[in-house]
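K.L.:
One-letter residues, chain by chain:
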Amino acid sequence: MTVRDALNSALSEEMARDEKVFIMGEEVGDYQGAYKITKGLLQKFGADRVRDTPITEAGFTGLGVGAAFMGLKPIVEFMTFNFSMQAIDHIVNSAAKTLYMSAGAISAPIVFRGPNGAAAGVGAQHSQCFAAWYMSIPGLKVLAPYDAEDARGLMKAAIRDPDPVVFLENELLYGQEFALPKEAMDEEFVLPIGKAVVMKPGADVTLVAFSKMVGYCLEAAEQLREQGIDAEVINLRSLRPLDRGALAASVRKTNRMVVVEEGWPQCGVGAEIATVVNEDAFDYLDAPVERIAGVDIPMPYAENLEKMALPTVEDIVRVATRVCYRD
Amino acid sequence: MTVRDALNSALSEEMARDEKVFIMGEEVGDYQGAYKITKGLLQKFGADRVRDTPITEAGFTGLGVGAAFMGLKPIVEFMTFNFSMQAIDHIVNSAAKTLYMSAGAISAPIVFRGPNGAAAGVGAQHSQCFAAWYMSIPGLKVLAPYDAEDARGLMKAAIRDPDPVVFLENELLYGQEFALPKEAMDEEFVLPIGKAVVMKPGADVTLVAFSKMVGYCLEAAEQLREQGIDAEVINLRSLRPLDRGALAASVRKTNRMVVVEEGWPQCGVGAEIATVVNEDAFDYLDAPVERIAGVDIPMPYAENLEKMALPTVEDIVRVATRVCYRD
Amino acid sequence: MVIETPVPFKGHLIVPPSQMVETTKSEIIDMFTQAYMMRRLEIAADVLYKGKFIRGFCHLYDGQEAVCVGMEAALNKQDAVVTSYRDHCIHLGRGGTPLEVMAELMGRVDGAAKGIGGSMHMYRREANFFGGNGIVGAQTAIGAGLGFAFKYNKQPNVAVTMYGDGAANQGQLFEALNMAALWDLPVIFMCENNHYGMGTAQDRSAKSPVYYKRGDYVPGLKVDGMDALAVKQAMKFAKEYCVAGNGPIVMEMDTYRYHGHSMSDPGSTYRTRDEITGIRQERDPVERLRKLITEHNLLDATQIKQIEKEQRRIVDEAVEQAKASPLPPNENLTKNMNTNLENIVVRGVDSQTFHALV
Amino acid sequence: MVIETPVPFKGHLIVPPSQMVETTKSEIIDMFTQAYMMRRLEIAADVLYKGKFIRGFCHLYDGQEAVCVGMEAALNKQDAVVTSYRDHCIHLGRGGTPLEVMAELMGRVDGAAKGIGGSMHMYRREANFFGGNGIVGAQTAIGAGLGFAFKYNKQPNVAVTMYGDGAANQGQLFEALNMAALWDLPVIFMCENNHYGMGTAQDRSAKSPVYYKRGDYVPGLKVDGMDALAVKQAMKFAKEYCVAGNGPIVMEMDTYRYHGHSMSDPGSTYRTRDEITGIRQERDPVERLRKLITEHNLLDATQIKQIEKEQRRIVDEAVEQAKASPLPPNENLTKNMNTNLENIVVRGVDSQTFHALV
Ligand SMILES: Cc1ncc(C[n+]2csc(CCOP(=O)(O)OP(=O)(O)O)c2C)c(N)n1
Ligand SMILES: Cc1ncc(C[n+]2csc(CCOP(=O)(O)OP(=O)(O)O)c2C)c(N)n1
Ligand SMILES: [Mg+2]
Ligand SMILES: [Mg+2]
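Residue numbers (the UniProt record's numbering), protein chains in the order written: chain A, 1 to 327; chain B, 1 to 327; chain C, 1 to 358; chain D, 1 to 358.
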């Protein structure tokens with residue numbers, strides 16, 4: 001099943017399950033979604049529950065939060081998360097903080113979703129990763145699926161969760177096929193929020209990633225195996241809450257860690273993970289936690305530079321080899 | 001001299017020096033600034049150069065960037081940086097990225113300034129620290145003054161710099177008096193962007209901070225001295241570019257570091273600094289870099305809880321003692 | 001009884017309601033009682049602030065009471081309201097108590113938000129009051145969402161989003177208006193025009209400070225916001241209009257704030273004392289209601305005094321109770337971080353401090 | 001010579017200019033030549049995209065050429081222009097070359113932004129062209145700033161900010177309009193109404209798709225955006241209006257895009273083929289100019305063919321040159337990070353990789 005179909009089926013099942021769930025955003029209805037994630041939903045659930053919006057992110061995000069305050073369960077699609085910057089005040093100040101500020105009186109069960117991070121050939125304004133920004137905000141939950149199983153299980157978790165959830169997809173994964181375990185097809189298949197998953201156990205070094213970079217880490221692990229390095233691969237799935245336990249447990253075993261993300265390095269996801277692992281398992285570290293990140297520049301358009309600007313499988317292999325002192 | 005007067009005099013001198021410099025924002029003119037940072041400027045420079053704006057942050061920030069593209073040197077005041085979220089797309093996508101995207105053709109010499117972070121008794125929506133978010137953005141420069149010397153020297157640097165600068169002030173420091181070295185009174189007194197300063201040398205542990213927390217670190221260093229711990233205090237001044245050299249040099253000497261900020265921990269300034277120090281000087285670390293940060297919650301209003309939500313001098317002393325294995 | 005409101009309504013793309021307002025003796029007395037109490041409450045807040053019992057921001061509503069009182073006379077508590085940081089009296093209007101307001105201002109556990117929210121963040125979920133919002137303009141989009149939910153749930157109610165003249169320039173208002181109009185949402189966009197946004201007079205922040213027309217293609221109504229009966233009449237009209245499925249409406253309430261913007265603003269540098277005094281003398285909303293009572297012989301002087309005394313007592317008592325109310329317990333620091341606390345751990349200030357969740 | 005534009009202008013709070021447009025033979029021929037070239041360029045881009053020479057987004061302008069050509073006939077290169085991602089032809093209009101456009105589309109070093117910007121980000125600083133902007137609506141506030149600078153510098157020029165019908169609902173447009181109007185900034189807010197924002201027809205995204213009136217209190221003009229002469233007349237009028245210190249003006253250009261929104265959109269699911277064909281047949285801006293030439297006997301058929309051939313040759317040559325243009329050198333990865341590079345170091349993908357700055 002593709003990630004696209006996994007997301008689409010999860011949306012469809014959850015809308016069928018709960019009448020309070022509706023989806024809104026630019027082109028989600030008639031056009032079937034700019035990336036076709038909402039394909040067929042308008043036909044199934046009608047225009048009241050699949051709402052095409054004007055191009056007014058601040059407005060429709062605030063509107064979604066207001067609807068959530070009233071007990072509806074909106075799913076707000078950002079055509080890409082780059083445009084969530086228009087609306088970020090509502091995500092942070094209206095959605096994330098209100099439960100706390102109101103001493104528990106007003107909750108905002110809302111999902112903000114859409115493709116996040118680098119795509120291909122879309123230039124500097126359309127390639128930003130917002131994982132670190134959102135995971136810094138208390139009150140939010142932040143999820144980032146990698147494969148079809150994640151996509152289904154986390155999307156269902158996000159929709160059912162009573163708190164505001166930022167759900168970071170990846171455009172380049174939408175069309176990717178993944179084998180789906182049978183239980184993941186179940187309508188009640190829900191993954192836990194706040195739990196990472198070990199995609200491949202290993203003994204020598206831990207590779208940590210979320211979203212598309214999980215796939216790169218798995219490929220890198222393959223190549224490392226050929227060099228006699230047994231890498232463990234952790235798929236974070238949830239960036240907030242962060243599964244510190246899983247990270248510390250792994251590093252206690254492997255004593256080495258490489259974190260990979262496509263976003264910018266400064267104050268990135270990698271910085272946080274390197275820091276929590278230092279906090280939780282410093283004495284087990286045989287080498288500094290290495291972070292691999294997008295080069296610290298706006299995204300260039302030219303194909304050669306764009307490729308250079310992002311981590312590659314080779315980068316992961318190279319750095320992992322280095323932290324294992326095999327280089 | 002107070003930080004307020006330091007900022008005010010720097011603004012005034014730079015406006016006198018360069019006719020292209022103008023300031024805009026809510027209440028900066030007639031009202032003399034919500035926090036009186038722009039006091040007297042309207043009278044000195046007139047309404048064309050001291051521009052009261054409507055409450056439309058996205059609009060006036062975009063307008064400022066457009067004016068900067070044309071070669072003017074706007075200073076955009078956010079009444080507080082909390083409201084910069086309304087305009088953050090222009091700061092990131094219009095100001096920070098355009099020089100790069102345009103292959104150097106279009107530059108944006110603009111300063112975004114205002115009080116950042118926690119104030120006192122203003123609740124969850126008015127207490128957010130944006131240091132980590134902005135320092136993650138390539139293309140920006142991010143400065144955070146602590147004392148009056150910083151305020152003058154960094155503000156002048158920011159205005160004269162040809163790049164977009166985010167200038168993070170602190171409301172609670174505005175009224176604070178600092179002795180000002182004589183050279184800092186000079187109209188040509190400009191501090192370098194990208195350089196930290198050692199406020200107090202020490203041998204046992206490095207305390208790193210920016211803005212108000214520098215003062216806390218200095219106080220903590222006093223108290224630590226009484227316990228026989230000789231702390232070095234680093235005032236970052238510049239969050240982007242970050243003075244990695246100064247951090248690594250200090251930790252090579254002290255072998256221990258505590259980073260302090262009032263913002264949230266996840267993907268915060270502390271996470272970045274802990275990570276770069278691990279990257280640059282892992283072998284010199286005798287203990288994990290400790291970060292002290294605001295508690296990971298929206299800011300509560302009640303005085304007792306607000307106090308608990310933020311780092312104290314005692315926290316710094318306690319943690320520094322711990323990393324020195326003296327607890 | 002029927003009373004004629006002195007100032008005619010002005011309509012934009014809509015025929016305004018009649019100036020003849022149906023009311024009752026008890027409604028007028030209630031309105032006076034509430035408005036008087038609001039006035040006393042804000043004056044008490046002023047005193048407490050100066051006495052350092054209240055910290056941070058504190059935005060008082062005195063001068064604008066008729067808007068709240070008139071609005072509530074036309075709404076029920078299934079209707080939804082969201083407003084700005086100037087929310088103390090709105091909380092009362094929605095059925096909150098003076099103690100809730102006072103204790104919140106002092107950051108005490110008996111406050112509307114248990115001391116966590118503060119002056120700008122009072123809520124009353126059971127009366128569909130969604131706050132108190134500190135971000136100028138944010139409540140306009142949120143308010144559209146409240147109305148969206150009514151429509152979605154096919155509930156015959158209206159959402160009111162209250163914003164200032166300063167807020168009326170924020171872009172998201174125009175975004176919200178467009179969606180509300182496109183989708184026929186039952187939303188009243190209510191501009192409380194007190195003529196200043198902080199120190200900025202309306203015509204220095206708006207090219208067109210004609211707020212009831214600023215919805216452009218959305219009908220609008222201008223109302224004397226110092227006249228509670230006029231506000232009631234207009235709001236009744238507006239609610240009927242919205243609930244009938246006609247979409248949103250913009251209301252401009254012509255009103256005034258006596259105090260400065262917040263406690264740090266003396267409120268006298270950008271306007272003349274004469275201006276303030278003039279309005280106090282000629283348009284004060286509390287006095288206006290008092291005059292209605294005397295003119296129509298609804299109560300005699302002693303009875304009015306009695307009401308005033310009682311309301312002062314209520315406020316004074318609330319102040320004392322609030323002062324006696326404890327600070328929130330320390331463990332509330334991390335309370336209500338999330339609704340679903342599975343796997344949630346709250347980091348304290350350092351790596352060894354984690355807070356238990358309650 | 002004087003030519004009457006067939007469609008009358010519509011004014012909002014302003015008396016529109018005359019339909020009698022002063023022009024010259026050579027102006028019309030130039031307009032045709034440019035519009036024809038733009039058309040060929042976009043068709044070439046379509047082919048290159050399908051041939052995988054261009055990647056990512058690519059938003060074509062064919063159908064809308066008269067807007068650009070007419071606008072440029074009324075402006076000079078001291079005037080400033082900012083537009084959306086649909087910027088290829090605007091770059092040409094500002095004096096850029098077909099090679100610059102083609103090479104940018106292919107991410108090559110001879111591109112308008114040396115291959116760094118891409119399809120949506122072309123710039124021509126020397127002609128005050130500030131891009132190409134990928135964020136819907138952002139250019140409206142930026143455009144107000146360009147006008148602000150003219151006023152600040154007391155320069156007799158105008159800034160034009162071009163945005164779509166979809167963008168016309170973004171809140172920051174209303175914020176920018178208000179400031180421009182308050183401060184009398186010389187800004188033309190030009191809505192290129194091609195009737196769709198991606199797959200959304202104008203009346204599904206706007207309650208009031210009457211874009212020339214959407215400035216509310218700002219004067220507006222509706223123009224046949226398929227008629228280059230009408231556009232020129234209106235822009236001349238608008239520039240004079242703005243430069244005279246009257247503040248901003250809103251222009252709605254009634255136009256059409258033939259292609260889908262971008263290359264991934266077939267452009268046929270939300271509108272009928274008949275609609276597209278009808279407009280091609282009756283309102284095509286290039287054909288319109290050609291007809292003017294023949295009707296007024298400005299050139300004979302061979303001469304027209306000659307122009308077309310020459311323009312095709314220019315475009316074909318640009319395509320070939322662009323294909324031959326190298327990718328940007330690798331060291332450009334970190335070029336232009338900042339203007340002042342003091343203390344700037346660019347981190348590569350890992351802790352040991354730092355890039356030299358150029
Ligand atoms: C987005 C945002 N910008 C700025 C502020 C600071 N601020 C708070 S209230 C205010 C004035 C608002 O005036 P108005 O809307 O007229 O409401 P009033 O205070 O008169 O009730 C300003 C500028 C804010 N809270 N939020
Ligand atoms: C803020 C923002 N939201 C959404 C998008 C995605 N997007 C790009 S173009 C577009 C449609 C714009 O339509 P319109 O303004 O009519 O311009 P046109 O494409 O017709 O020229 C959308 C939704 C974006 N780039 N920026
Ligand atoms: Mg006001
Ligand atoms: Mg369009």
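Note that these hints are calculated values from the structure, not bench results.
The reader is advised that the hints may include incorrect statements.
[What the hints assert, rightly or not] Using C-beta positions, here's what the derived DEER-type ranges look like:
hint, chain 1, residue 1, chain 2, residue 2, range
1, C, F354, B, K195, 44 to 50 Å
2, D, I43, A, Q176, 30 to 36 Å
3, B, D286, D, N340, 48 to 54 Å
4, A, K36, D, L327, 45 to 51 Å
5, C, E275, B, Q43, 20 to 26 Å
6, C, G245, D, E126, 31 to 37 Å
7, A, R326, D, F354, 21 to 27 Å
8, C, T97, A, G46, 40 to 46 Å
9, D, T294, B, G46, 33 to 39 Å
10, D, T353, A, K253, 26 to 32 Å
11, B, R17, D, E126, 43 to 49 Å
12, B, D230, D, T353, 24 to 30 Å
13, D, P326, A, G46, 33 to 39 Å
[To be verified] Each computed DSBU-like pair below joins lysine-lysine, with the alpha-carbon atoms no more than 35 Å apart:
hint, chain 1, residue 1, chain 2, residue 2
14, A, K39, C, K236
15, C, K236, D, K323
16, D, K323, A, K307
17, C, K154, B, K44
18, A, K253, A, K39
19, D, K213, A, K307
The beta-carbon is built from N, C-alpha and C at its ideal position, and this holds for glycine as well.
K.L.:
Verify the CB-CB distance for A/R326 and D/F354 against the hinted window 21 to 27 Å.
P.N.:
holds, 23 Å
K.L.:
Between the beta carbons of D/T294 and B/G46, is the distance compatible with 33 to 39 Å?
P.N.:
violated, 57 Å
K.L.:
Holds or violated: A/K253 with A/K39, Cα cutoff 35 Å?
P.N.:
violated, 44 Å
K.L.:
Quick check on a hinted range of 48 to 54 Å for B/D286 and D/N340, using CB atoms only.
P.N.:
Violated: the Cβ-Cβ distance is about 38 Å, outside 48 to 54 Å.
K.L.:
Quick one, are D/K213 and A/K307 close enough, alpha carbons at most 35 Å?
P.N.:
violated, 46 Å
K.L.:
Decide if the proposed pair is consistent with the structure: D/K323 and A/K307, CA atoms, cutoff 35 Å inclusive.
P.N.:
holds, 19 Å
K.L.:
How does the Cβ-Cβ distance of B/R17 and D/E126 compare with 43 to 49 Å: does it lie in that range?
P.N.:
violated, 28 Å
K.L.:
Using the Cβ atoms, figure out if C/E275 sits within 20 to 26 Å of B/Q43.
P.N.:
Given about 23 Å between the Cβ atoms, the range holds.
K.L.:
Does the structure keep C/K236 and D/K323 at a Cα separation of 35 Å or less?
P.N.:
Cα-Cα ~68 Å, so violated.
K.L.:
How does the Cβ-Cβ distance of D/T353 and A/K253 compare with 26 to 32 Å: does it lie in that range?
P.N.:
Since the Cβ atoms of D/T353 and A/K253 sit about 28 Å apart, the hinted range of 26 to 32 Å holds.
K.L.:
Given the range 31 to 37 Å, decide if the beta-carbon distance of C/G245 to D/E126 lies inside it.
P.N.:
violated, 56 Å
K.L.:
Does the structure keep A/K39 and C/K236 at a Cα separation of 35 Å or less?
P.N.:
Violated, because 42 Å separates the two Cα atoms, which is more than 35 Å.
In terms of the numbered hints stated before, the structure departs from hints 1, 3, 4, 6, 9, 11, 12, 13, 14, 15, 17, 18, 19, listed from lowest to highest.
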